[in-house]
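Colleague: Each chain, written out:
2 protein chains.
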Amino acid sequence: MMPIDTIQKKDFPDLVKYLEKCWREQVEKRGTGAVSPLGLNRPIKDIIDEQLPEGSQSLNDICVQIERLVIPYSVQTSHPLFLAYVTPPALDICVLGEAISSMLNQNVSFVNLSPIGTAIEEVVIKWMGSIIGYGATSCGGVLVTGGSVANQLALAVARRSILGQEVTKKGNYVEMKHQRVYCSEHIHRSVYKAAALIGIGTENVSPVPANHRHQINVEDLQRQIDKDKSENKIPTTIIGAAGTRAIGAFDDLEALSKIAKDNQLWLHVDAAFGGALRLSWLAPNSLQYLGYADSVTFDPHKLLFVPFDAGCLLVQDKQRLLDTFGSEGEYLERSDPPGRDIADFGMDLGRSLKALKIWLAMKYIGAKAYGREITRLLKLARQFESLIKSTSEFETLIDGESIIVCFRWKGEAKSTDEELNNINGQIPLHLRRKGLAFINPVSINNKIGLRACLSNFRTDKQHLEELLDYIRECVES
Amino acid sequence: MMPIDTIQKKDFPDLVKYLEKCWREQVEKRGTGAVSPLGLNRPIKDIIDEQLPEGSQSLNDICVQIERLVIPYSVQTSHPLFLAYVTPPALDICVLGEAISSMLNQNVSFVNLSPIGTAIEEVVIKWMGSIIGYGATSCGGVLVTGGSVANQLALAVARRSILGQEVTKKGNYVEMKHQRVYCSEHIHRSVYKAAALIGIGTENVSPVPANHRHQINVEDLQRQIDKDKSENKIPTTIIGAAGTRAIGAFDDLEALSKIAKDNQLWLHVDAAFGGALRLSWLAPNSLQYLGYADSVTFDPHKLLFVPFDAGCLLVQDKQRLLDTFGSEGEYLERSDPPGRDIADFGMDLGRSLKALKIWLAMKYIGAKAYGREITRLLKLARQFESLIKSTSEFETLIDGESIIVCFRWKGEAKSTDEELNNINGQIPLHLRRKGLAFINPVSINNKIGLRACLSNFRTDKQHLEELLDYIRECVES
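Going line by line, the protein sequences match chains A and B. End of the first sequence = 502 in the numbering used here, gap-free, step of one. End of the second sequence = 502 in the numbering used here, gap-free, step of one.
Since the hints were made in silico from the structure, they are not lab data. For every residue, glycine included, the Cβ atom is placed at its ideal position computed from N, Cα and C. Among these hints, one or two may not hold up.
Calculated cross-link-like contacts (lysine-lysine; reagent style BS3-like; alpha-carbon spacing at most 25 Å) [unchecked claim]:
(1) A:K35 to B:K34
(2) A:K258 to B:K195
(3) A:K54 to A:K459
(4) B:K414 to B:K435
(5) B:K46 to A:K202
(6) B:K54 to A:K42
(7) B:K34 to A:K486
(8) A:K252 to A:K286
(9) A:K486 to B:K414
(10) B:K42 to A:K54
(11) B:K35 to A:K202
(12) A:K195 to A:K343
(13) A:K195 to B:K195
(14) B:K258 to A:K258
(15) A:K70 to B:K343
(16) B:K252 to A:K195
(17) A:K42 to B:K254
(18) B:K34 to A:K393
(19) B:K194 to A:K258
(20) B:K46 to A:K46
(21) A:K195 to A:K254
(22) B:K46 to B:K35
(23) B:K42 to A:K46
(24) B:K194 to A:K252
(25) B:K195 to A:K35
(26) A:K34 to B:K54
If the Cβ cut is set under 7 Å, some of the chain B residues that face chain A in the computed set are [claimed, not checked]:
(27) Q33
(28) K35
(29) I73
(30) I87
(31) C88
(32) V89
(33) Q131
(34) W152
(35) S173
(36) A181
(37) I223
(38) A438
Using the sequences plus the hints, can you model the full thing?
Modeller: So, in structure tokens, the structure goes:
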């Protein structure tokens with residue numbers, strides 16, 4: 026049998042040709058065809074049932090499986106009516122970036138193990154820091170898989186910063202007092218998962234009531250902190266949202282920052298998609314205070330149009346990350362100058378060069394063009410809301426302030442909320458079965474409706490008009 | 026200015042051509058040239074100092090930067106004398122896989138959001154489960170970035186399994202007793218980072234003394250558990266190593282499994298690179314008991330030759346993952362049948378289709394060819410040790426049992442250990458400065474020597490003979 030390298034060299038020209046073919050097909054297909062295949066059907070079951078291959082399968086057989094199974098059964102996130110999540114189409118240049126990263130297979134953990142990977146990650150962190158409003162000199166950050174891990178690391182950095190070095194050694198048993206974390210009742214559920222993981226428990230996340238615009242009620246927040254202090258608990262962290270998941274609402278970050286300072290707490294802001302809105306002159310007002318936060322979650326795989334995985338935790342003071350995650354290992358060389366080994370900024374000791382695709386995207390697009398596109402998406406969201414209000418069969422559920430539009434079909438006849446909930450709840454599945462649109466249900470003030478995330482640079486007003494037509498047809502049939 | 030999509034379509038043919046060019050250059054370069062550029066030199070500083078680009082840079086300018094900076098300043102992990110870590114060259118087919126994954130940009134969190142991505146991840150988990158010795162029906166797992174995160178999730182699953190649902194809600198404050206984790210004094214430092222993150226603290230990791238073969242001393246382990254119980258602490262987890270980082274040693278997994286059962290503890294085994302040795306008939310004996318572990322860390326980016334990031338946590342009973350990480354979100358659809366949403370198996374709620382590159386690798390290579398190559402690497406390690414012993418200037422520091430060889434230059438004259446430590450400690454940097462080899466120092470019983478990880482399918486005996494010559498020249502000059 027041939028050694029691995031010989032097999033590879035033989036197949037290599039076919040691989041490149043095949044990649045080009047897939048790429049061209051994808052480009053042609055974009056925006057047509059079913060947005061989303063459904064169900065556990067036969068071909069997918071065949072994939073799951075396959076046993077560990079003993080022999081080598083031919084490149085040709087493998088490519089046939091990619092063409093017949095992988096591509097057709099993928100959800101088409103680049104479709105103009107894929108609106109279920111803030112998951113835009115990936116920029117082509119990032120596909121190049123990921124291919125080159127894989128080829129180079131750098132471990133971007135230690136500066137000596139990947140001098141160039143470290144430099145590229147440092148510069149994209151600096152660029153993202155400047156987008157969200159941090160100064161260039163002292164801010165830092167680390168690339169992670171996504172917002173969930175960024176929020177989780179943020180809770181760890183907050184804990185370490187408030188409680189000191191003892192907490193690294195003794196854990197949450199320090200002083201044997203309950204640590205407390207505060208956030209809006211509308212916060213992303215990853216915060217609860219993170220609280221469970223870092224061992225403070227979901228019950229020590231205090232969901233503060235929000236106002237009708239889904240913003241943390243700051244009086245309630247202060248009251249909750251006072252109550253916890255009086256009960257001998259240790260408040261550590263306030264988590265604000267710059268773009269809640271349901272409606273894309275923005276907490277009053279100036280007020281949260283003041284409360285954090287007054288009470289000596291850490292302010293973390295989940296700006297996974299919201300942070301990038303700062304590139305637009307139409308950004309929600311509250312975002313001007315984003316740089317007041319001690320740490321910020323910012324996902325390049327959202328409005329920077331970079332493919333998964335590309336998340337990021339940014340911190341105002343880089344030293345806080347080193348304090349939390351830095352450690353010494355016996356066989357590891359240290360960076361020179363010290364403090365540049367990215368392993369000391371987060372949890373991963375083996376880390377890909379995922380910074381490359383972000384670097385390429387930011388150079389290829391540039392801040393201005395990003396800002397222009399994000400402005401277009403913000404305007405599109407307001408236009409879509411106007412369009413909805415101008416019809417007799419639809420209504421908005423809330424006035425949005427970012428790229429998320431929540432609305433429902435209400436029909437012309439007077440229906441009860443229960444009837445409307447039932448109808449609207451079924452619309453997403455019908456649209457997906459027909460392959461027309463992928464949109465998620467949402468519940469606001471007990472009204473079930475539809476939630477459209479406008480994050481795709483291929484979606485325009487005409488597509489949204491079509492969406493309303495599809496919904497009309499769907500309800501009527 | 027042009028919209029993003031128009032820029033992309035214009036540049037698209039050039040992108041594919043460019044990727045092909047990079048690829049061909051890489052293939053030609055493999056095994057030649059400097060294995061590792063060093064230092065914070067001018068071109069790298071230029072990258073770090075660049076400000077956030079305002080305008081769009083041309084594809085041509087960007088490609089020039091890739092050619093002049095990114096590729097030449099990368100550490101050549103595919104070089105036959107890159108021996109510093111278990112970081113093999115990436116299989117070409119995985120480059121294709123990552124490119125296609127990026128293109129499709131699937132979020133493999135919920136089965137309805139990526140039916141095909143979920144299926145592919147499920148089947149590679151099953152295949153890896155069968156490699157490490159788990160039964161196909163009840164085992165489960167989740168792909169993560171690497172071994173560090175796998176170990177971290179394992180500690181969380183162990184805690185949840187031993188302490189029950191209360192720990193998710195109340196955190197480590199349950200019963201206000203210290204939880205305890207046991208491992209060899211030679212365990213990977215990621216375990217300490219994980220203990221800090223999950224809030225039990227590094228002091229609650231108990232490093233058990235090891236024997237001369239770097240295996241946990243089981244009597245000491247039982248003694249430590251008894252002591253902790255008598256002090257009203259809660260033992261939860263034993264962490265065994267199937268391949269320690271320094272010398273690639275294997276704990277007595279049968280004995281650890283017995284102690285775990287007797288004391289009702291969770292047994293986790295870090296088999297990040299060691300697990301794949303089961304594909305070879307030369308696998309260390311202890312590995313036949315790997316399937317006894319409740320959970321196992323297994324990194325496809327190690328001996329499956331998949332590029333970063335590709336780590337995996339495997340568990341004997343899939344339900345344990347769901348118990349630990351499953352939760353309900355208001356806007357999320359649930360899988361049908363339930364229990365297939367990968368978001369409920371780990372921490373990420375946005376997850377790439379990294380399973381694709383693993384799936385392609387395992388199909389393209391197949392279990393037999395993997396086994397043959399791993400057998401070759403194991404034999405090569407023993408041959409290298411024999412070669413070292415046959416010389417008058419080198420000696421091994423310990424007899425290895427896997428793919429790691431620890432040795433030192435001792436010269437012909439009688440030198441003190443202090444002199445030899447000094448000389449051997451300087452060899453790695455000299456070899457890297459000359460671009461000849463990338464090898465790490467290691468310290469065993471206070472002797473500083475060199476550690477060669479034989480994980481590259483392009484490394485053969487001749488390369489290792491060259492390495493000894495390079496070291497001779499280096500010491501003499």
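Colleague: Given the hinted pair B:K414 and B:K435, is their Cα-Cα distance within 25 Å?
Modeller: 11 Å, holds
Colleague: Just to be careful, I want the Cα atoms of B:K252 and A:K195 compared with a cutoff of 25 Å; is the pair within it?
Modeller: 18 Å, holds
Colleague: Regarding the pair B:K46 and B:K35, is the alpha-carbon distance no greater than 25 Å?
Modeller: Within the cut-off at roughly 19 Å; holds.
Colleague: Given B:A438 as an interface hint, is the shortest Cβ-Cβ distance to chain A below 7 Å?
Modeller: 28 Å, violated
Colleague: Take the C-alpha atoms of A:K486 and B:K414, compute the straight-line distance between them, and say whether it is at most 25 Å.
Modeller: Violated. A:K486 to B:K414 sits at ~75 Å, over the 25 Å cutoff.
Colleague: Is the interface hint for B:Q33 satisfied, with its Cβ closer than 7 Å to some Cβ of chain A?
Modeller: Holds. Min distance 5 Å.
Colleague: With a cut-off of 7 Å on the beta carbons, see whether B:I87 makes it to chain A.
Modeller: 6 Å, holds
Colleague: Just to be careful, I want the Cα atoms of A:K195 and A:K343 compared with a cutoff of 25 Å; is the pair within it?
Modeller: Answer holds: A:K195 to A:K343 is near 23 Å, not above 25 Å.
Colleague: So if I understand the rule, the pair passes when the alpha-carbon distance is 25 Å or less; does B:K54 with A:K42 pass?
Modeller: 21 Å, holds
Colleague: Hint validation: B:Q131 versus chain A, beta carbon distance must be below 7 Å. Holds or violated?
Modeller: 6 Å, holds
Colleague: Return the status of the interface hint for B:V89: holds when the least beta-carbon distance to chain A is below 7 Å, violated otherwise.
Modeller: Hint violated; B:V89 Cβ to chain A Cβ min 11 Å, cut 7 Å.
Colleague: For the pair supplied as a hint, A:K34 and B:K54, is the alpha-carbon distance within the 25 Å limit?
Modeller: 13 Å, holds
In terms of the numbered hints stated before, the structure departs from hints 1, 5, 9, 11, 17, 25, 28, 31, 32, 38, listed from lowest to highest.
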